[in-house]
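Could you put the whole structure together from the sequences, leaning on the hints where they help?
Chain by chain, the residues:
6 protein chains.
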Amino acid sequence: MEKPEMEQIMKKAEVLIEALPYIQKFNRKIIVVKYGGSAMSNEELQKNVIKDVTLLKLVGFKPIIVHGGGKAISKWVAKAGKEPVFVNGLRVTDAETMEIAEMVLGRVNKNLVAMVQELGVPAAGISGKDGGLLQVEKKYSDGKDIGFVGDVTKVNPKILYDLIDRDYLPIVAPVGMDENCETYNINADDAACAIARAVGADKLVFLTDVEGLYKDFSDKSSFISRITASDAEALVSSGEIGGGMLPKLNNCTAAVKGGVNRVHILDGRIPHCLLLEIFTDHGIGTAIVGDDE
Amino acid sequence: MEKPEMEQIMKKAEVLIEALPYIQKFNRKIIVVKYGGSAMSNEELQKNVIKDVTLLKLVGFKPIIVHGGGKAISKWVAKAGKEPVFVNGLRVTDAETMEIAEMVLGRVNKNLVAMVQELGVPAAGISGKDGGLLQVEKKYSDGKDIGFVGDVTKVNPKILYDLIDRDYLPIVAPVGMDENCETYNINADDAACAIARAVGADKLVFLTDVEGLYKDFSDKSSFISRITASDAEALVSSGEIGGGMLPKLNNCTAAVKGGVNRVHILDGRIPHCLLLEIFTDHGIGTAIVGDDE
Amino acid sequence: MEKPEMEQIMKKAEVLIEALPYIQKFNRKIIVVKYGGSAMSNEELQKNVIKDVTLLKLVGFKPIIVHGGGKAISKWVAKAGKEPVFVNGLRVTDAETMEIAEMVLGRVNKNLVAMVQELGVPAAGISGKDGGLLQVEKKYSDGKDIGFVGDVTKVNPKILYDLIDRDYLPIVAPVGMDENCETYNINADDAACAIARAVGADKLVFLTDVEGLYKDFSDKSSFISRITASDAEALVSSGEIGGGMLPKLNNCTAAVKGGVNRVHILDGRIPHCLLLEIFTDHGIGTAIVGDDE
Amino acid sequence: MEKPEMEQIMKKAEVLIEALPYIQKFNRKIIVVKYGGSAMSNEELQKNVIKDVTLLKLVGFKPIIVHGGGKAISKWVAKAGKEPVFVNGLRVTDAETMEIAEMVLGRVNKNLVAMVQELGVPAAGISGKDGGLLQVEKKYSDGKDIGFVGDVTKVNPKILYDLIDRDYLPIVAPVGMDENCETYNINADDAACAIARAVGADKLVFLTDVEGLYKDFSDKSSFISRITASDAEALVSSGEIGGGMLPKLNNCTAAVKGGVNRVHILDGRIPHCLLLEIFTDHGIGTAIVGDDE
Amino acid sequence: MEKPEMEQIMKKAEVLIEALPYIQKFNRKIIVVKYGGSAMSNEELQKNVIKDVTLLKLVGFKPIIVHGGGKAISKWVAKAGKEPVFVNGLRVTDAETMEIAEMVLGRVNKNLVAMVQELGVPAAGISGKDGGLLQVEKKYSDGKDIGFVGDVTKVNPKILYDLIDRDYLPIVAPVGMDENCETYNINADDAACAIARAVGADKLVFLTDVEGLYKDFSDKSSFISRITASDAEALVSSGEIGGGMLPKLNNCTAAVKGGVNRVHILDGRIPHCLLLEIFTDHGIGTAIVGDDE
Amino acid sequence: MEKPEMEQIMKKAEVLIEALPYIQKFNRKIIVVKYGGSAMSNEELQKNVIKDVTLLKLVGFKPIIVHGGGKAISKWVAKAGKEPVFVNGLRVTDAETMEIAEMVLGRVNKNLVAMVQELGVPAAGISGKDGGLLQVEKKYSDGKDIGFVGDVTKVNPKILYDLIDRDYLPIVAPVGMDENCETYNINADDAACAIARAVGADKLVFLTDVEGLYKDFSDKSSFISRITASDAEALVSSGEIGGGMLPKLNNCTAAVKGGVNRVHILDGRIPHCLLLEIFTDHGIGTAIVGDDE
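Protein chains in written order, with full-length UniProt numbering: chain A, 1 to 293; chain B, 1 to 293; chain C, 1 to 293; chain D, 1 to 293; chain E, 1 to 293; chain F, 1 to 293.
In case anyone wonders, no lab produced these hints; they're calculated from the structure.
It is possible that some hints are incorrect.
Unchecked claim - Keeping only pairs whose Cα atoms sit at most 25 Å apart, straight-line, the calculated DMTMM-like set for lysine to aspartate or glutamate is: (1) Lys79/B with Glu96/A; (2) Lys29/B with Asp165/C; (3) Lys47/D with Glu14/E.
Claimed, not checked - Reference excerpt, derived from the structure (chain E facing chain D, CB under 7 Å, subset only): (4) Val15; (5) Ile17; (6) Leu20; (7) Gln24; (8) Lys51; (9) Leu55; (10) Val59; (11) His272; (12) Thr280.
What the hints assert, rightly or not - Stretch-level coverage of chain E by chain F, calculated; a stretch enters the list once three of its residues show a Cβ under 8 Å from a Cβ in chain F: (13) 79–87; (14) 127–138.
Ideal placement from N, C-alpha and C gives every residue a C-beta, glycine not left out.
Spelled out as structure tokens, the structure:
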């Protein structure tokens with residue numbers, strides 16, 4: 001073998017060896033990956049995410065994917081000729097919208113299943129209705145009825161353990177039922193957070209469309225790569241963090257307070273951001289950690 | 001207690017006791033129920049079917065439901081503003097139709113899951129893609145391309161056993177993948193027959209919109225309540241049976257030849273036809289049995 | 001099928017469906033059935049009781065039968081030419097009587113085993129000596145020696161769990177041993193109550209020769225269909241309940257206080273009273289329930 | 001310690017060490033012990049037999065006891081005032097005699113259970129009816145009806161394995177059922193032989209009232225300490241062996257031909273004959289071995 | 001059989017029967033045997049010890065052997081031409097001595113394995129490094145560095161349970177690692193004591209070169225055959241016990257205080273002292289028992 | 001993050017993803033690694049080998065290490081002042097040499113255990129004596145006695161399965177016993193080959209001091225990167241391959257003929273050669289494959 005070639009493959013070996021302590025550290029640990037946004041729309045990124053999660057499973061982790069519906073729900077609502085109704089600026093989920101959402105999420109779910117299966121790893125796609133996984137109650141927005149949108153009130157994780165025990169990668173669509181077995185849509189971040197807490201996940205990872213958390217979004221130098229849950233709560237209380245990040249950040253702190261070891265906000269637009277975060281020394285994105293870490 | 005009341009409840013006890021030998025006979029046996037047609041459209045009938053199957057599970061059977069999409073697929077194809085295309089009189093399943101079919105079947109699937117869960121019994125809804133359950137190859141109609149319609153070529157029943165072992169009632173949507181993990185629609189009767197053979201089901205039951213098999217459809221007196229698989233094949237060869245029953249009858253004989261003990265064609269419009277067939281001495285519908293029975 | 005016939009079998013299905021929530025509710029729950037008295041003497045009733053308990057087992061319950069010896073012990077004592085001796089009006093169980101009792105109970109036990117086996121369900125007949133199930137100490141009646149009659153002091157339920165785990169219906173003869181492995185007769189009600197408490201049974205059912213509990217036995221309208229354990233204790237303390245029911249009622253309240261969910265006093269002379277109580281909405285007999293129910 | 005005392009306890013250690021290879025050889029092997037005759041009547045001998053079998057269990061063997069009823073059946077038949085009826089010199093087992101036999105065997109069974117339990121080892125006493133262990137058909141003596149006496153036609157050993165797995169010493173009374181679940185008495189030697197064959201026992205031991213097999217009973221020097229099954233069959237055919245030993249010898253050869261490694265005819269009147277046979281180099285009694293041993 | 005011969009083998013049976021209650025009492029109990037000193041040098045004694053421990057295993061105990069290196073370490077240190085260095089009269093274990101000690105202990109270990117295997121019983125020889133069994137920290141002698149000699153700080157008994165579960169007799173060489181996975185020698189008595197405590201052994205037995213404990217070593221009549229842990233501590237505090245017995249006695253009391261039921265100091269020069277102590281009524285050596293025994 | 005840095009870590013992700021299909025392919029497959037020669041002498045290389053094997057275990061493979069003694073045996077033989085004796089140019093293993101070899105191999109074994117444990121992975125070091133793993137018979141060199149050198153005649157792999165099941169990485173020293181439990185040295189290549197065959201390994205890897213196999217050792221261009229077992233045999237027969245490679249090549253073909261999927265001869269001097277061979281597309285060294293591959 002020529003020397004330059006040899007040097008190159010030597011580097012490969014080093015990368016694999018660099019991963020060793022991480023593989024060992026998270027061996028048999030549960031990692032919940034919330035998958036949505038841009039990482040979902042772009043086919044190339046989608047393949048990368050699925051490859052990453054599948055690799056995690058193969059090297060001994062126990063990943064669970066919780067996915068959203070991306071833009072497909074809106075697309076099908078429009079196709080069905082529905083006029084959107086808004087309350088407090090929030091789209092109202094009436095019965096027909098709920099029907100469409102469930103259909104679309106079901107298809108996204110099986111799409112992800114197919115991609116994992118294609119890599120030779122058994123996957124099982126479920127929704128929060130299967131095995132009574134996610135129980136919800138109707139959510140109100142400032143007291144206004146916004147339709148079939150639910151807050152998770154109880155998680156029955158048995159079906160996840162059953163699937164993991166039998167070696168499946170569980171993929172969960174964020175749909176649940178209330179006590180009367182009525183169907184509700186659930187915000188995918190909320191669903192991921194509730195599941196991560198219920199199964200005592202070691203990690204909860206949000207794949208997002210942003211690089212992570214900024215103290216001041218307009219100031220790139222204010223990027224936060226690591227913050228404790230309590231500091232994050234203080235940040236929320238101070239009103240410094242706003243907009244779309246607020247509910248996500250609330251989920252992050254709730255997860256850490258609820259026993260999840262670490263939560264990561266990663267930029268899903270970076271290929272293999274998941275692997276890089278977990279298997280290398282380069283922390284990318286923002287990590288929300290326990291107060292005593 | 002008044003005497004007439006007492007007599008009445010006495011009769012109830014006798015019905016339960018009459019069921020005893022049947023419960024015992026099919027204890028821990030797998031029963032595949034193909035569920036579609038009218039039994040699916042009528043809400044009352046739907047509840048009855050689900051109650052029946054749930055009861056079967058509770059008293060020790062191991063039922064598997066395979067369902068179709070009923071009229072909902074056509075409804076959504078129309079909503080999406082698609083013009084149907086036909087080849088040899090068969091609707092062509094193009095990519096968009098496939099997408100709609102998978103969405104609709106996914107929702108029907110979770111609907112059934114919800115109904116079983118509501119009765120307090122754990123259910124898990126999957127499609128033929130989960131765990132690689134149903135592998136297919138493209139089907140042609142007289143050599144013509146009819147799109148994403150598949151013939152089952154291989155069944156990997158592991159996920160069904162895994163779910164049954166962990167006490168779930170599996171509910172299967174008839175969607176599969178080919179070797180390249182491309183998605184295909186499968187005729188629900190075909191899917192049910194393939195699954196029944198693969199798991200060595202004791203019974204395969206088709207809930208249909210007819211009373212059963214007639215030698216001569218116009219002659220009510222020619223009703224066949226019991227026929228061997230070989231006689232059924234002869235009937236098919238003779239050309240006496242035609243129309244919609246032919247593919248179903250072919251599935252029936254294939255199932256029996258493939259090791260299923262008995263196949264039943266039941267009239268899904270009769271409430272609780274499933275219970276009546278299994279738990280009472282009144283055979284209803286048509287039974288296709290082994291040649292040596 | 002003719003219409004009247006159809007209507008009739010429809011009713012059958014409804015009875016089965018009516019049983020569904022009960023089957024579900026008691027699924028895998030332990031039910032101890034004390035079986036004695038008239039229900040034991042009449043061959044037809046005996047067959048009914050055994051069918052009922054076997055059905056309970058087949059649909060997912062875990063029944064345990066505790067039986068008495070009925071009139072057979074007295075018959076054989078007479079055959080052996082023994083003169084009965086009484087203390088405080090109680091028959092003294094001398095060594096020979098004990099020998100006869102154990103022989104008779106052993107045969108009754110195997111008779112019941114045979115009846116269950118005949119229905120195709122595996123049964124295992126044991127006495128309280130097997131596996132050290134029932135440990136007793138000598139019982140005195142007002143300080144008088146009444147021979148080999150024992151009070152249960154300790155239950156070692158391992159053998160019951162072992163048999164249930166391996167799918168047998170356990171049938172127990174009320175004979176036990178003291179610390180020196182001396183054999184003693186045990187009142188069957190006492191044995192059933194002690195076993196029900198030790199295994200944390202969900203239900204304890206006494207099949208008796210009376211309709212249930214009356215506040216005033218001479219006044220049919222004072223029938224008690226439901227009473228809390230504390231109220232039952234108060235009734236006992238008040239002296240209003242007397243005679244043969246007193247020890248049974250004491251066992252009932254002891255069982256409820258000891259963790260058994262519900263105790264039923266049923267009229268064993270009513271065919272299938274067990275099924276009717278458990279599978280229908282018609283409460284028959286008297287139920288002794290927890291104070292907070 | 002004084003020297004003579006030391007020497008004495010040294011000898012004890014040597015005896016234990018001498019047992020080592022035998023313990024190892026039969027570790028986890030099944031030994032069926034047919035226990036009856038004199039060894040049963042004498043209380044001291046009875047205790048010794050039970051101690052021996054219990055020791056076998058404790059050191060890793062898996063013993064099964066099959067017992068007879070000794071003289072107690074005749075005693076109780078007489079007590080019941082029955083006149084014995086004979087056909088071909090054989091006592092006829094009419095319904096009442098069968099009832100008495102089952103009662104007596106049941107009590108003997110529980111007596112043995114108590115003795116094993118007293119030594120701190122869990123025992124479970126069953127009859128051939130429990131779990132359908134012994135299925136029989138009516139036996140005729142030269143075509144004459146001799147009542148409820150059965151020949152074993154089928155052994156269902158599941159209950160024995162279940163009990164052994166859960167660490168009980170099974171003790172079996174030789175009573176069985178025919179296809180209609182009618183009760184029959186079985187010769188205890190026959191039952192032991194059938195059970196030994198069905199469970200693939202390593203050893204079958206008959207505790208008898210004789211020293212073993214003599215070629216010529218009147219000539220003490222003709223004692224046979226070891227004989228192959230084929231030679232034993234030849235001996236039977238030759239007519240040299242007669243009387244009471246003939247059926248036992250037939251059982252011995254049947255057992256060896258049926259896969260039992262060795263059958264022993266031991267003199268139950270010698271205290272601890274079982275231990276001596278198994279744990280020391282002194283073969284006592286007669287061993288029937290395979291032809292190729 | 002001649003009468004004297006018969007009497008002799010009768011005595012054998014009695015010895016076996018005498019062992020019955022002891023076998024029963026220690027059934028499935030863990031016994032840690034520290035094996036070293038003279039019992040190790042003499043080939044005959046060595047065979048006896050191994051036979052004894054193997055017998056214990058065969059009759060249902062769960063023995064663990066912890067061995068020392070005997071005189072072989074010194075022999076090989078000399079062979080290697082090393083000059084011994086002493087600190088406070090203690091031999092210093094420098095790197096080369098540690099290397100030799102580990103080599104020698106490894107060979108002694110496999111020697112014992114071979115002897116057990118030769119008796120047909122599966123053995124597995126490990127050191128305290130395997131599975132991280134023994135973690136140590138450097139030990140100092142009055143603040144002086146004595147090299148690679150370690151004090152046990154943590155026991156991870158998983159590998160012992162794993163081996164016992166799979167039916168091996170574990171044999172442990174007293175070598176451990178500190179937190180940096182550096183290798184250290186451990187006093188075999190210390191290792192045995194630490195292991196006995198960690199696995200909750202029922203018994204810890206030291207096979208030594210003395211008869212047991214004397215209050216006054218020069219006065220044979222002051223032999224102590226039984227002493228409570230607290231009295232033993234008092235004896236140590238009083239300074240009456242000295243010399244080589246002191247560290248051993250400290251281990252004995254530490255073991256009893258740490259939950260071991262009984263510790264025995266036996267004279268390994270008496271053949272089969274282990275069997276005699278456990279299986280007969282003759283207590284030999286000194287037993288250190290709990291204060292409340 | 002700066003762009004060049006980003007690009008660099010992107011490449012890392014790609015390397016990990018490149019490993020995915022290999023991880024999947026060998027998931028739960030057994031890989032036997034023969035470890036000896038230079039890879040053993042150099043501390044850095046040693047660490048690399050151990051890291052590689054540990055990584056294999058962590059990502060789901062089931063590796064078994066079989067090691068030699070390297071140069072340490074000769075060193076200690078010399079230290080002990082022994083004069084080497086040769087027969088046919090082979091060193092004779094007399095009793096003392098055998099003793100030294102076993103000591104040295106034992107220490108090398110525990111050294112490797114320590115290195116794996118240091119990486120946080122449980123290891124268990126055994127020799128072929130433990131659990132009777134390797135049974136041998138005396139080997140002769142052209143009929144000449146060369147002492148305690150053994151040929152493997154039987155492998156009892158139970159202990160390997162037991163250790164793997166309980167999650168240990170087994171590390172095996174090539175020492176075995178003959179039928180009389182006499183200890184013998186075994187060539188490490190022979191031991192690795194025998195073990196790989198007995199456990200049905202998927203791969204057997206020899207870490208050597210050469211780059212692989214050359215048709216003509218003096219002609220670098222004749223390097224063989226892939227050869228079928230039959231072609232390798234032909235090469236051996238032709239006499240073209242000679243010297244040190246011959247016995248190794250014989251082991252390679254024997255392994256493939258005996259069911260091992262692939263055998264690799266790798267250059268142990270290349271850091272991480274094991275990872276490179278398994279996880280990248282660059283085949284390094286020589287692969288011996290089945291004839292039909």
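Outcome of the hint check:
no., hint, verdict
1, Lys79/B with Glu96/A, "holds (12 Å)"
2, Lys29/B with Asp165/C, "holds (19 Å)"
3, Lys47/D with Glu14/E, "holds (13 Å)"
4, Val15, "holds (4 Å)"
5, Ile17, "holds (6 Å)"
6, Leu20, "holds (5 Å)"
7, Gln24, "holds (5 Å)"
8, Lys51, "holds (6 Å)"
9, Leu55, "holds (5 Å)"
10, Val59, "holds (4 Å)"
11, His272, "holds (3 Å)"
12, Thr280, "holds (6 Å)"
13, 79–87, "holds (count 3)"
14, 127–138, "holds (count 5)"
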